[in-house]
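The listed protein sequences correspond, in order, to chains A and B.
One point on numbering: in the working numbering, the residue at position 266 of the first sequence is 266, and numbering is uninterrupted.
One point on numbering: in the working numbering, the residue at position 119 of the second sequence is 119, and numbering is uninterrupted.
If you're looking for bench data, these hints aren't it; they were derived computationally from the structure.
The reader is advised that the hints may include incorrect statements.
Which chain A residues face chain B? A few, computed with CB under 8 angstroms, are given here [stated by the list, open to error]:
no.: 1; residue: 130
no.: 2; residue: 150
no.: 3; residue: 205
no.: 4; residue: 352
Idealized CB from N, CA, C, for every residue including glycine.
2 protein chains.
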Amino acid sequence: MTALSGVKVICIGQFYFAPYCSMLLARLGADVIKIEAPEGDPYRRLPTTVDNTSVQFTMLNAGKRAMRLDLKSERGQEVARQLASQADVLIQNLSPGAMERFGLGYEELSSLNPRLIMASGTGFGSFGPYAGEPAMDLTIQARSAVMSTTGFMDGAPVRTGPSVVDFMAGAHIFGGVMAALYQREHTGRGQHVEVALQDAILPSLTSNIAGLISSHGTVPERTGNRHGGLAVVPYNSYRTRDGWATVLCPTQGHWQRLCEVMDDPDAKLERFSTMAGRCAHSDEVDVIVERWTSGLTKNEVTQALAGTGIPNAPVVTLPELMEDPHVATRGILRQMQDTAGPWLTLGSPVFLSDSPMVEPSRAPALGADTDDILRGDLHMSDEQIQELHASGVV
Amino acid sequence: MTALSGVKVICIGQFYFAPYCSMLLARLGADVIKIEAPEGDPYRRLPTTVDNTSVQFTMLNAGKRAMRLDLKSERGQEVARQLASQADVLIQNLSPGAMERFGLGYEELSSLNPRLIMASGTGFGSFGPYAGEPAMDLTIQARSAVMSTTGFMDGAPVRTGPSVVDFMAGAHIFGGVMAALYQREHTGRGQHVEVALQDAILPSLTSNIAGLISSHGTVPERTGNRHGGLAVVPYNSYRTRDGWATVLCPTQGHWQRLCEVMDDPDAKLERFSTMAGRCAHSDEVDVIVERWTSGLTKNEVTQALAGTGIPNAPVVTLPELMEDPHVATRGILRQMQDTAGPWLTLGSPVFLSDSPMVEPSRAPALGADTDDILRGDLHMSDEQIQELHASGVV
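Okay, chain A solo, but in the shape it has when bound (with noise of 0.2 angstroms):
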């Protein structure tokens, strides 16, 4: 059994944001169909593609069911309604106001089916001035102060690399949709869910935040690699013989520790010997660290403060990271392996020691299953079926 068994989700869900969540959900047991237009997620026509197909809509939807579904039709409205009222869950990520507008919001559909759970992802949220405004992860990253406090102090505001705000707020519907079950369970009822891009990414600026207001401002917005707040030195990348190498000294042991290993009589200089010193100095012990760091490959610094519990890590490089033993032991970066080869999606983060992952088989092409569902979960007949394929809607 998994924790999920049962459990019928409908995602409409495209891009990252929603299908994420629907992905966690099928990994602990749920029934996952995602429901397509008739051109398909837009994940799908990436050109980003392994064997003819899209890398990041394999990672995110294998071990879903795959719908064809004009939701533009009224007919294809009416199919949406009947799945709908059989369903546990319905995620959606479409554009702001797009359910309604398909007779497919939260009203419409809780008046068919009062359990049903409707999670809604959007950018901004369902109130608020920006409420309703389109947003992208870069944009919402501009607008939330994730850019601005990112990159070199005399450098421009960066974006991060990975697509850490469609991710962020995927968990945390993940948890909300979770939630709206656990209480469905006590009150019979379902209820609306919703998360905003902004919003899910705004809490893990609390360190910023706080180096803000305790400072009145005079804690610079970006600091590089250097602490948020300038006030642990040393902390920083490193440049090593192959790459770099993070290295932090949180307490005064840390560095003493430190010390002996790079065994340079500069560090013992009375001037770093305290962290009130090593923060009036930081760019000279920078040029300390850095000039033990230099002599060695970023692994030789991890080997040398092995057992030490000085914190630190090697930069990894993303092709690095794919071999990785550690990764592929882990399981969320998945290689896969069926009859046509192998592939690569993505495990689940969350381990349940009581719901073990359901392994996915590869992501359905458009409109798969349209057929079996529409016969298995909607009982409809093959006259039925064939006159939705007439006319387009499927």
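Following the hints, complete the assembly by docking chain B onto the known chain A.
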């Protein structure tokens, strides 16, 4: 009623990871008891204070009850076991192995309370080559290619400004706890939930991984504020009179509308007329767009593009974010007021229509609720409580 009315949570958490999870649970109505070592959560002692209280600590721990308990003492461990015996959830992110050393491992607690859900947050999880290794936001960002994918093409890797790793993991473990609570409704049993920092951040690298493997490693690892695959132009942040603005044109229609708005004859040159052409001349396109933005303020850029459907946003600074009317309305950064004055905490990004957010009171002082918990929750006599105080256990 709230989603988590009647759910009792013990949080043996520190820093951000577990405390963020228990904060989300508290906002949904759970009764959260935060257990701290005699010296307190290290984040109480951060130098970033307002009114002598750490801003970070208040943001994450408002709305919880606080108990001081020495888990290194046998008597303290006994008290913790008593609390776990009557709790629904115990969440912890102590150093790997610490709970087992304290006689508070999952096996032990589960035998006392089979309905208990234990949630453990670690850096690298309970299996795999790096299992048990310490981890911090910076070192995980280094180890997980977050840094190597963030920054400019010709520059050094950069960490993200916000603590995305800690909060991403906190959101995932919140979902995991909720899934376990839901499953318990059907099985009557608790279980062990595990989330590792590294696992939780890896899915957000999906686009980067897709770019790497589909291009056989030819796409640059980091692309500044340009599109990760360099396949959309324009897509960048551009200088304005008072900062930066992001503008992107994912489709031909967006570009045509931008050309109309910019009204620059150079933009209409033949070599920029297709996406392939713009990608081949991205530096030139960026010069043209920046020529336009540099005559405007960042908010004027947004005003000029209003109604065009072209995705864009000003690069908002942290002080501007704190004053943003939308952020204020949403209440995620929650400006509170009590008799002692104004204070700041986190609201919840998870909106449930049937579970109004529980408004928190200020984060309690270390051990503020210890006696109440010993008396009210564990039914200890005044004598027993005095004894625990006298021996330094609480």
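To see whether the hints hold, each was checked on the structure:
At a threshold of 8 angstroms, the smallest CB-CB gap from residue 130 of chain A to chain B is about 4 angstroms, leaving the interface hint in force. With its C-beta approaching chain B no nearer than about 4 angstroms, residue 150 of chain A sits inside the 8 angstroms limit, and its interface hint holds. Hint status for residue 205 of chain A: holds, given a least beta-carbon distance of 5 angstroms to chain B, under 8 angstroms. A least Cβ separation of about 6 angstroms between residue 352 of chain A and chain B falls short of the 8 angstroms threshold, and the interface hint therefore holds.
In terms of the numbered hints stated before, the structure departs from none.
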